[in-house]
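Novice: Since chain A is already given, all that's left is putting chain B on it; use the hints.
There are 2 protein chains.
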Amino acid sequence: MKSAEIICVGTELLLGDILNTNAQFLAQELARLGIAHYYQSVVGDNPERIQRVVRTACDRAQLLIFTGGLGPTPDDLTHATLADCFGVPLVEHPEILEDIARKFVGRGRTMTPNNRKQALLPEGAQVLTNPRGSAPGIIWQPRSDVTILTFPGVPAELKVMWQEVAIPYLKAQGWVTSTVYSRLLKFWGISESVLAEKVQPFFDLQNPTVAPYANLGEVKLRITALADSETAAQDLITPVEQQLREVGGLDCYGADEDSLASVVGELLQTKGATLAVAESCTGGGLGAMLTQISGSSSYFWGGVISYDNSVKVRLLGVNPQDLADQGAVSHTVAQQMAAGVRDRLNTTWGLSITGIAGPTGGSAEKPVGLVYIGLAGANGVQSYEHRFGASQGREWVRHLSACTALDHLRRSLLDESSQF
Amino acid sequence: MKSAEIICVGTELLLGDILNTNAQFLAQELARLGIAHYYQSVVGDNPERIQRVVRTACDRAQLLIFTGGLGPTPDDLTHATLADCFGVPLVEHPEILEDIARKFVGRGRTMTPNNRKQALLPEGAQVLTNPRGSAPGIIWQPRSDVTILTFPGVPAELKVMWQEVAIPYLKAQGWVTSTVYSRLLKFWGISESVLAEKVQPFFDLQNPTVAPYANLGEVKLRITALADSETAAQDLITPVEQQLREVGGLDCYGADEDSLASVVGELLQTKGATLAVAESCTGGGLGAMLTQISGSSSYFWGGVISYDNSVKVRLLGVNPQDLADQGAVSHTVAQQMAAGVRDRLNTTWGLSITGIAGPTGGSAEKPVGLVYIGLAGANGVQSYEHRFGASQGREWVRHLSACTALDHLRRSLLDESSQF
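Residue numbers (my numbering), protein chains in the order written: chain A, 87 to 506; chain B, 87 to 506.
Since the hints were derived computationally from the structure, they do not count as laboratory data.
Below 20 Å or equal to it, Euclidean Cα-Cα: the simulated DMTMM-like pairs (lysine to aspartate or glutamate) are:
hint: 1; chain 1: B; residue 1: Lys306; chain 2: A; residue 2: Glu98
hint: 2; chain 1: A; residue 1: Lys245; chain 2: B; residue 2: Asp103
hint: 3; chain 1: A; residue 1: Lys452; chain 2: A; residue 2: Glu471
hint: 4; chain 1: A; residue 1: Lys306; chain 2: A; residue 2: Asp337
hint: 5; chain 1: B; residue 1: Lys189; chain 2: A; residue 2: Glu451
hint: 6; chain 1: B; residue 1: Lys257; chain 2: B; residue 2: Glu316
Covered stretches of chain B, going by a simulated chain A footprint (3 or more residues, C-beta under 8 Å):
hint: 7; region: 127–141
hint: 8; region: 145–159
hint: 9; region: 217–231
hint: 10; region: 363–374
hint: 11; region: 391–401
hint: 12; region: 424–433
hint: 13; region: 442–453
Just so we're clear, the structure is a prediction, and the values are computed from it rather than from any experiment. Glycine included, each C-beta is placed from N, C-alpha and C at the ideal position.
Same shape as in the complex, but just chain A (with noise of 0.2 Å):
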């Protein structure tokens, strides 16, 4: 089967001077379109390294995509060290130095020397339009095995040059011939490993695949697809995803661009209900996940920062008392939290979150990573123990109180026997 290999050229990569979108976009794009790829290469502004890469990629690969080196600079070099691992000469493309003039002219600088550079291209190469700046890509078929395309390192001129002229053209060679769909479910509450072994039998179906993720505690499967239209690619994926949600249940919480947030907050829309937050140790993560969706005013009406515990006492009107005996972080208190802060706020739910985020603060009977979750509906008032543990410090402890605390209201939301 035929691949490409995406090798990205430039120092400043190697210095981690700049991260590297670009081979994010073209890996993207390229598993989009339905085009094996097996290999990314970063190499620095040397011709000679270059040249070895691009040895190593002709053994693997059949075509060959560059990013950077384009530049008017005397180090950016990858046309001219393609034209020598090829064995021609470059020559100069007049129709480019005119358009590098007249792109000089309209943005009122003068072109200079160095950038004649850039209208020097391999002997046979195609252009590959820039509409965005001076410095011209290659479409090339050095060999008949091989084929090159070049694009500058600039992402946003990368982006357009791929959209309009190399597309079309791997179309018109054959390169795109069925498209790649995929889906991802998303799930919380479950461990990588214990999904894994819930779902192992999907891992061995070979169209779609099904493959996990995990990442800051949330575990996903992608289903992915590949067939010769969307709606067929669909049509593979559609069964495949209802057993997986099946298999899930209500651990699985959405799909694709859902989040935990986005999915209570159409929950809450839909059952005309209203929400208001009570944080400790959050700090105010919690409201601020929530008010990352657009239009979330509809439902949430804001909430209480009560890090300090006087404020707990003030704001929410948490028993003295009980903060003393049983201190801020305990189920007393996380109930209190919530139902204060949904009464004082008149709202249907109240959801709380106090808890220790390190990495001071713990001791033997509660230990770092100790949160409790309040949860206040119209009928009562309940509260969750989790232990996230010291060990990954606290904006990890911080982030899973905050995604919790939201998925103890989403299910709250779904279960209709709930007490609440």
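Specialist: The following block gives chain B in isolation, referenced to the frame of chain A:
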């Protein structure tokens, strides 16, 4: 000259599902430590292709740094493939199994058979302990001219393991000979181009070098020196840093690990002052930023998320008539929010934010991106109008609002002649 190669393993990278921040982190670290690094490779979770990448890398580098493929699922193959590459068996490490089991208990979860796999390492490899997660890495010299380090793909785990284990090992093995030391000066309230013009002559320096960066509204200047020792590098940096700080004035808020929240926290602590916040469009983001700092409970008491106008009135005492006349996004309401939260929480300072984050809700008179920040001190209340624009989206407006609010408080805390 001996050099390193970064090899990132993971089909998710080839699909473009994640951005390769690990490669950037490692590249920065290698640059900082003065370890030469000429190539990066990305390959999927495929044993044959991983082997191919290892063979290529062994021909051109002596230190191979792997990320990814250490997890518990069947597609995590890095260690098994490396063992195959160098013809050694995998050996189970009981101490790793115990460590994994302990971590599972600590989080109240059950270890699965899948996790046993993570205790299998190539024979002869040392364990590179993972204090954050279940997957350990390895330090291994399978041949005299090849050193292998492996890390999980989870960035937080990689970073801790790199700092705590890999750097000391590389120093002990003589990989770190000259020191690159750098200082990052951070600015708020000045644009990159204005700052660049002010400090233009510094960009011509050779050692240390000075280079500008900008992201998320923050401008930075990196001063980088190359020397035989950290002290010698520091001697090169210090005078340049002093000059840059003078040119920057109050716009320079800190360096390196400082954040606006940490700098404000230190100033509050020094003055024995306390802070409360009232947030509308940021929805808790300002509080979340302040409480990222461990120990912030000594000066940050909490606040009110007054997303709905009823909360502004009920919990902050904003005048309903002013709300109706001037609108929630106004100088008047920002000032009443700041004073209200200061009075109700009994703190030295009250800081408020009310604005239009977008993408909807703007008008000709009050466009998306219009934000008012209120600041109430012991002797008065002030407010500030900002227009952050609509073009960069909701999260941009919210982030800039929170940072700018902190910056106003910082300048007031630094200004001895302030009215507050």
